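*Asks:* Construct the complete structure from the given sequences, taking the supplied hints into account.
So the chains spell out like this:
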Amino acid sequence: MNERIQEKLSILADAAKYDVSCSSSGGKRKNENKGLGNAEGMGICHSFTEDGRCVSLLKILLTNYCIFDCAYCVSRRSNDVKRAAFTVDEVVDLTMNFYRRNYIEGLFLSSGIFKDSDYTMERLVRIIKKLRTEHKFNGYIHVKTIPGASPELIAEAGLYADRLSVNIELPSELSLTTLAPEKNYQEILTPMGQIRDGITQNKEEKALFKKVPSFATAGQSTQLIVGASAENDHQIIKLTDSLYKGYGLKRVYYSGYIPVTDDARLPQVTQPPVIREHRLYQTDWLMRFYGFEADEILDPEHPFLDLEIDPKLAWALRNRHVFPVDINTADYEMILRIPGVGARSAKRIVAARRFSPLSLDHLHKFGVVLKRAKYFITCKGQALETRDYDEQSIRRQILFGSGSVRSALVTQQLDLFAQAS
Amino acid sequence: MSRSLTPLNQSTSPGKPATVTARPPAPALTAPSLDYAYDGSFEGLLTVLFTIYDRKAAPNSIQPEGAVQGGLFVQPLLVETHEATATRVWEGLLRHMTAEARTRLFHAFLSEQPDRELVIFRYADLAMRSAQDIADNYADDNVRRVAHLAQQMGREKHRMEAFVRFEKTADELFHATIEPDFDVLPLIAPHFTKRYADQRWLIYDRRRHYGLYYDLHRTDIVQFEPDTAAPRRSTSVSATVLDEREPLFKVLWQTYFDHVNIPERKNIKLHRRHIPLRYWKYLSEKQPRETRFEPIKNKRPPQADNLRLG
Numbered sequence: 001m002n003e004r005i006q007e008k009l010s011i012l013a014d015a016a017k018y019d020v021s022c023s024s025s026g027g028k029r030k031n032e033n034k035g036l037g038n039a040e041g042m043g044i045c046h047s048f049t050e051d052g053r054c055v056s057l058l059k060i061l062l063t064n065y066c067i068f069d070c071a072y073c074v075s076r077r078s079n080d081v082k083r084a085a086f087t088v089d090e091v092v093d094l095t096m097n098f099y100r101r102n103y104i105e106g107l108f109l110s111s112g113i114f115k116d117s118d119y120t121m122e123r124l125v126r127i128i129k130k131l132r133t134e135h136k137f138n139g140y141i142h143v144k145t146i147p148g149a150s151p152e153l154i155a156e157a158g159l160y161a162d163r164l165s166v167n168i169e170l171p172s173e174l175s176l177t178t179l180a181p182e183k184n185y186q187e188i189l190t191p192m193g194q195i196r197d198g199i200t201q202n203k204e205e206k207a208l209f210k211k212v213p214s215f216a217t218a219g220q221s222t223q224l225i226v227g228a229s230a231e232n233d234h235q236i237i238k239l240t241d242s243l244y245k246g247y248g249l250k251r252v253y254y255s256g257y258i259p260v261t262d263d264a265r266l267p268q269v270t271q272p273p274v275i276r277e278h279r280l281y282q283t284d285w286l287m288r289f290y291g292f293e294a295d296e297i298l299d300p301e302h303p304f305l306d307l308e309i310d311p312k313l314a315w316a317l318r319n320r321h322v323f324p325v326d327i328n329t330a331d332y333e334m335i336l337r338i339p340g341v342g343a344r345s346a347k348r349i350v351a352a353r354r355f356s357p358l359s360l361d362h363l364h365k366f367g368v369v370l371k372r373a374k375y376f377i378t379c380k381g382q383a384l385e386t387r388d389y390d391e392q393s394i395r396r397q398i399l400f401g402s403g404s405v406r407s408a409l410v411t412q413q414l415d416l417f418a419q420a421s
Numbered sequence: 001m002s003r004s005l006t007p008l009n010q011s012t013s014p015g016k017p018a019t020v021t022a023r024p025p026a027p028a029l030t031a032p033s034l035d036y037a038y039d040g041s042f043e044g045l046l047t048v049l050f051t052i053y054d055r056k057a058a059p060n061s062i063q064p065e066g067a068v069q070g071g072l073f074v075q076p077l078l079v080e081t082h083e084a085t086a087t088r089v090w091e092g093l094l095r096h097m098t099a100e101a102r103t104r105l106f107h108a109f110l111s112e113q114p115d116r117e118l119v120i121f122r123y124a125d126l127a128m129r130s131a132q133d134i135a136d137n138y139a140d141d142n143v144r145r146v147a148h149l150a151q152q153m154g155r156e157k158h159r160m161e162a163f164v165r166f167e168k169t170a171d172e173l174f175h176a177t178i179e180p181d182f183d184v185l186p187l188i189a190p191h192f193t194k195r196y197a198d199q200r201w202l203i204y205d206r207r208r209h210y211g212l213y214y215d216l217h218r219t220d221i222v223q224f225e226p227d228t229a230a231p232r233r234s235t236s237v238s239a240t241v242l243d244e245r246e247p248l249f250k251v252l253w254q255t256y257f258d259h260v261n262i263p264e265r266k267n268i269k270l271h272r273r274h275i276p277l278r279y280w281k282y283l284s285e286k287q288p289r290e291t292r293f294e295p296i297k298n299k300r301p302p303q304a305d306n307l308r309l310g
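Heads up: the protein sequence lines correspond to chains A and B, in order.
full-length UniProt numbering puts the first residue of the first sequence at 1, with every later residue one more than the last.
full-length UniProt numbering puts the first residue of the second sequence at 1, with every later residue one more than the last.
Hints may be right or wrong, so weigh each one.
With a Cα cut of at most 20 angstroms, we get these calculated PhoX-like pairs of lysine-lysine [said to hold, decoys possible]: (1) A:LYS206 - A:LYS30; (2) B:LYS194 - A:LYS28; (3) A:LYS30 - B:LYS194; (4) A:LYS245 - A:LYS203; (5) A:LYS30 - A:LYS211; (6) B:LYS297 - A:LYS82; (7) A:LYS250 - A:LYS203; (8) A:LYS34 - B:LYS194; (9) A:LYS211 - A:LYS136; (10) A:LYS34 - A:LYS130; (11) B:LYS286 - B:LYS269; (12) A:LYS82 - A:LYS17; (13) B:LYS297 - A:LYS136; (14) A:LYS17 - B:LYS297; (15) A:LYS17 - B:LYS266.
Which bits of chain B does chain A cover? Going by a derived footprint, with three or more residues having C-beta under 8 angstroms, they are [stated by the list, open to error]: (16) 82-96; (17) 193-205; (18) 258-271.
Since the hints were derived computationally from the structure, they do not count as laboratory data.
Just so we're clear, the structure is a prediction, and the values are computed from it rather than from any experiment.
The beta-carbon is built from N, C-alpha and C at its ideal position, and this holds for glycine as well.
*Replies:* Structure follows, in C-alpha cells:
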C-alpha cells in the first residue's frame with residue numbers, strides 16, 4: 001500500500017510539474033473555524049527544487065490518463081507513459097498530512113481527462129469540497145479547470161478554491177488547433193470569462209452583504225508555453241496584455257517549452273528557452289508594476305525581446321530623448337523607468353528627497369544599480385557620465401565594461417547560441 | 001534574561017498613529033557621557049533609554065551585563081530594569097514615531113547585532129529631535145540601518161515560516177527544531193498559532209534554548225536547559241516516539257520533492273541562493289534518501305546527436 005502510494009505520487013507529481021504556477025499568495029481565507037491552515041496574505045515557498053523553482057503547493061494530477069492528444073503534453077493519449085490515478089481520499093490524506101508538517105501552503109490540483117470533462121471535474125470538486133467541509137482545511141487551493149467542464153461545476157469549484165485557472169498553453173489559436181486538435185480558444189475563453197464574472201459579482205455582493213460565500217478570492221491565472229510554436233514575443237505580450245485587461249487575470253505564467261514527446265509538429269530543441277522566458281517575465285513585471293504598455297516595449301518592427309539586456313534598459317536605449325532624469329525632481333513614474341532602479345529604490349528616492357537633496361552616494365546605498373543607471377540620470381543638475389555615449393556604446397559598456405556581471409544563466413545560454421550558429 | 005512574545009508582554013493592539021501635538025522637547029545631553037549596562041532584556045534597554053535622559057548623559061556604549069567590553073578602566077553604570085518605566089518609555093515613543101516604526105525598533109533589538117542598543121538609541125533620539133516623522137529619511141545612516149535590520153529580520157521570519165518541518169510524535173505533538181540567524185520566535189508565533197489551530201505543536205530554537213509551545217488554546221514560551229531535556233533534531237528523536245505514519249510522510253515528501261524538479265532546468269546556484277546551506281540540516285527533503293531517486297522514464301526527448309544533422 002505504502003509503495004503503491006509512493007509510486008502514484010511520483011508519477012502524478014512528475015506529470016504535473018510542467019505547470020509552472022506555484023503561487024500561494026493573495027488569498028483571503030482565514031482560519032476562523034479552529035481548523036487547519038490559513039491562507040490570507042503572502043505566499044510562502046516552503047522549499048526550492050534544484051532547478052531553483054519554488055515549492056509552495058502540493059502540485060499533482062488526480063490522474064494522468066487522458067483522452068486528449070495535445071502534442072506538447074507528456075500525458076497525451078498516444079504517449080507511452082506509466083499511468084496512475086489517485087482516489088479522492090488519497091489526495092485529501094496527502095494534503096492534510098503535508099500541510100500539518102508545514103511542507104506546503106496548500107494544494108494545486110489538476111488532472112488529465114478521463115471519461116469526459118464533467119466526470120473529471122466532478123472528482124476535483126469532490127476532493128476540495130471534502131477538504132473544506134469535512135476536514136476544515138483553510139490552506140490554499142488552486143484548481144485547474146478541465147476544458148469543456150460545465151459552468152455549474154466551475155461555479156462550485158470557485159466556492160472551495162482560492163484560485164482557478166484555465167491554461168491557454170499556446171499563444172495563438174492557429175497553434176492550438178495544430179498542436180491540440182481537441183481544444184479550441186472558445187472552450188478556454190468561455191470559462192475564463194465565467195470565472196472573471198463570478199469574481200466580479202462576488203466582490204459586489206460582498207460589499208453589500210456580510211455572509212456571502214467567497215469565490216476564488218485569489219483570482220485566476222493562466223499559462224503560455226513559450227517556444228513550442230512560432231509566435232514572436234510581441235504577439236505573446238499583446239496576448240498577455242489583453243488577458244490582464246480583458247479578463248482581469250492575476251498572473252500569466254510562461255513555461256519555456258521542454259521537449260517531452262517526439263512529434264514532427266514541434267521544434268527539435270535540447271534546452272528549454274530559459275532566457276527568453278526570463279525576459280518575458282521581466283516584461284510582464286514592467287507592464288504590471290512599472291506602468292509600461294505592451295506597445296512601448298515591442299512593436300511589429302521589433303517583435304523579439306533582446307536576450308542580452310533587460311527590456312527596461314532596451315526601452316531606455318531606444319528612448320534616449322526622455323533622459324536624463326533628475327532624481328531630485330522627476331516624478332515617481334519617471335524614476336521607475338530608469339534602468340537599474342527597482343520599485344523599492346524608486347519609493348525610497350521619492351520618500352527620502354523630501355528631507356534633503358540626494359547625492360550619488362545615497363542612490364548607491366538605496367540599492368540602485370549605478371552601472372546601468374548612470375547613463376540616464378542627473379543628480380543636483382550634474383550628469384554622472386559626462387561623455388556622450390551613443391546607444392551601442394552604452395550597451396557595450398554595460399555588457400562588457402568593468403564591473404559587468406552577467407548572470408551565469410545568460411552567459412551559459414548565450415554560449416549555446418554561439419555554438420549553434 | 002526574561003523573554004517575551006511581545007514587547008512588555010502587551011497584547012498586540014493596533015498602535016495609535018504618531019501625534020504631533022504636545023511633544024516635549026528632548027533634553028539636551030549635557031552631562032559627561034557614560035557606559036551603560038543592562039540585563040539584556042528589551043524592557044531593560046527601555047529603562048536605559050529613560051536613564052540616559054534622566055541623567056542627561058549620552059551613552060558611550062550600551063551593553064548587556066556580562067558582555068561588557070571596552071577599556072580596562074571602563075566602569076559601566078548598571079541600570080536595573082524597571083517595568084513601569086519601560087512601559088512609559090515604550091508608550092512615549094509613540095509621540096515621536098508611528099507604531100510601525102516603533103515595532104521596527106523591537107525587531108532591530110531581536111536582531112542581536114552587537115550595536116543594536118546604540119542604533120535604537122540614536123534612532124529614538126533623532127526622532128525626538130526632528131520636527132517631522134523620520135521613518136522615510138533613508139538618506140540618514142541610522143534610519144537606513146534600522147530599516148535594514150528590520151528587513152533582515154523580516155527575511156529570517158519569512159524563512160522560518162517556510163523552513164520549519166514538523167514531525168508528529170506518538171502522543172500527537174508536532175515538533176520542530178530550528179537554528180535561526182536571529183531571535184525570530186516572537187515574530188513567528190502569531191503565524192503558527194493562526195495556522196495550526198487544531199494540533200499541538202512545539203518549535204524549539206536550539207541556538208537560544210527556548211521554544212514556542214501551543215496547547216490547542218494558547219502559545220507560550222517554554223525554556224529548556226541547554227541541550228538536555230530539549231528535543232533534538234529529527235534524526236536523534238528515537239523512532240519509537242514518532243507517530244507510526246511519520247516515516248511514511250517523510251518519504252512521500254522526499255519523493256514529491258524529487259519528482260517536481262525539472263532536471264533540464266537544473267540551476268544549483270539559484271537553488272542555493274533560495275535555500276542557503278545552513279538551513280539544510282533541519283529540512284527533511286535535504287536529508288539522505290533511503291532508496292535512490294529513480295526518474296520516471298517515460299519520455300523520449302530528441303537526442304542531441306540528431307540535432308547536429310540539421
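*Asks:* Are the Cα positions of LYS245 of chain A and LYS203 of chain A separated by 20 angstroms at most?
*Replies:* holds, 18 angstroms
*Asks:* With the threshold set at 20 angstroms, check whether the alpha-carbon distance from LYS286 of chain B to LYS269 of chain B stays at or below it.
*Replies:* holds, 16 angstroms
*Asks:* Given the proposed pairing of LYS194 of chain B with LYS28 of chain A, does the C-alpha separation stay at or below 20 angstroms?
*Replies:* Within the cut-off at roughly 13 angstroms; holds.
*Asks:* Between the segment 82-96 of chain B and chain A, see if three or more residues pass the 8 angstroms beta-carbon test, and mark the coverage as holds or violated.
*Replies:* Since three or more residues must qualify, the claim that chain A covers the segment 82-96 of chain B is violated, with 0 doing so at under 8 angstroms.
*Asks:* Within a Cα-Cα threshold of 20 angstroms, do LYS34 of chain A and LYS130 of chain A meet the stated pairing?
*Replies:* Holds, at about 17 angstroms.
*Asks:* Is it true that the CA of LYS82 of chain A sits at most 20 angstroms from the CA of LYS17 of chain A?
*Replies:* The hint holds at about 15 angstroms.
*Asks:* For the pair we were handed, LYS17 of chain A and LYS266 of chain B, check the Cα-Cα distance against 20 angstroms.
*Replies:* holds, 14 angstroms
*Asks:* Below or equal to 20 angstroms on CA atoms is what counts here, so check LYS211 of chain A against LYS136 of chain A.
*Replies:* At roughly 18 angstroms apart (the allowed maximum being 20 angstroms), LYS136 of chain A and LYS211 of chain A satisfy the hint.
*Asks:* Do the alpha carbons of LYS17 of chain A and LYS297 of chain B lie within 20 angstroms of each other, as the hint requires?
*Replies:* Given pair LYS17 of chain A, LYS297 of chain B holds - Cα atoms ~15 angstroms apart, limit 20 angstroms.
*Asks:* Keeping to a limit of 20 angstroms between CA atoms, is the pair of LYS297 of chain B and LYS82 of chain A held or broken?
*Replies:* holds, 9 angstroms
*Asks:* According to a criterion of three or more residues whose C-beta lies within less than 8 angstroms of a C-beta of chain A, is the segment 258-271 of chain B covered?
*Replies:* holds (count 14)
*Asks:* Verify the proposed pairing of LYS297 of chain B with LYS136 of chain A, using a straight-line Cα cut of 20 angstroms.
*Replies:* Violated. LYS297 of chain B to LYS136 of chain A sits at ~38 angstroms, over the 20 angstroms cutoff.
In summary, the structure is inconsistent with hints 13 and 16 from the numbered list given earlier, while agreeing with the others.
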